[in-house]
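Student: Sequence:
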Amino acid sequence: MYLTLSILSLLLAIYLNKSNQREMGLFASGFAGGFAFLFAFEKSGYPLPLIFAGGFVATVFFEFLRFRPMQRD
Numbered sequence: 000m001y002l003t004l005s006i007l008s009l010l011l012a013i014y015l016n017k018s019n020q021r022e023m024g025l026f027a028s029g030f031a032g033g034f035a036f037l038f039a040f041e042k043s044g045y046p047l048p049l050i051f052a053g054g055f056v057a058t059v060f061f062e063f064l065r066f067r068p069m070q071r072d
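When you number the sequence shown by numbering that gives the first Met the number 0, it's gap-free, plus one each residue, and the end is 72.
Treat the hints with care, as some may be off.
[Stated by the list, open to error] Label-pair restraints from in silico Cβ distances:
id, residue 1, residue 2, range
1, Val56, Gln20, 16 to 26 angstroms
2, Tyr14, Gly44, 27 to 37 angstroms
3, Thr3, Ser43, 14 to 24 angstroms
4, Lys42, Phe66, 28 to 38 angstroms
5, Ala52, Met0, 15 to 25 angstroms
6, Gln20, Lys42, 31 to 41 angstroms
7, Ile6, Lys42, 14 to 24 angstroms
8, Asn19, Ser43, 31 to 41 angstroms
These are calculated hints, taken from the structure and not from any lab test.
Even glycine gets a Cβ: it sits at the ideal position worked out from N, Cα and C.
With these hints in hand, go ahead and build the complete structure from the sequences.
Tutor: In C-alpha cells form, the structure reads like this:
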C-alpha cells in the first residue's frame, strides 16, 4: 500500500512541478518521500509517524535545494 501511495504522490508531484505549481509540487514530493520511507522501513521497529516525517522532511529539503532560485552577482 505504501508503495502505491508513493508512486501516486510522485506522479502528482511531477504534474504539479511541470505546471509551475512549485509549492504544491514540493509538498507532493514530500508525501512521496514519506511513503517511500514507510515502504522501506516499515518493519524496522521505529514508529510509523516518525519514519514518515523523516522521509517527508528529507525529501522536501532536497527538493527545496534543487528548485531554489539561483542568485547572480
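Student: Work down the list of hints and note, for each, if the structure agrees.
Tutor: Hint by hint, here is what the structure shows:
1. The hint said 16 to 26 angstroms for the Cβ distance between Val56 and Gln20, and at roughly 21 angstroms that hint holds.
2. As the Cβ distance of Tyr14 to Gly44 is approximately 35 angstroms, the hint placing it in 27 to 37 angstroms holds.
3. Range check, Thr3 to Ser43: Cβ separation about 20 angstroms, and the 14 to 24 angstroms hint holds.
4. Separated by about 33 angstroms at the C-beta atoms, Lys42 and Phe66 satisfy the suggested range of 28 to 38 angstroms.
5. For Ala52 and Met0, the hinted distance range of 15 to 25 angstroms is satisfied, since their beta carbons lie about 18 angstroms from each other.
6. A C-beta distance of roughly 35 angstroms is found between Gln20 and Lys42, which places it inside the suggested range of 31 to 41 angstroms.
7. As the Cβ distance of Ile6 to Lys42 is approximately 20 angstroms, the hint placing it in 14 to 24 angstroms holds.
8. Between Asn19 and Ser43 the Cβ separation comes to about 37 angstroms, which falls inside the hinted range of 31 to 41 angstroms.
Hint compliance for this structure: no hint is broken.
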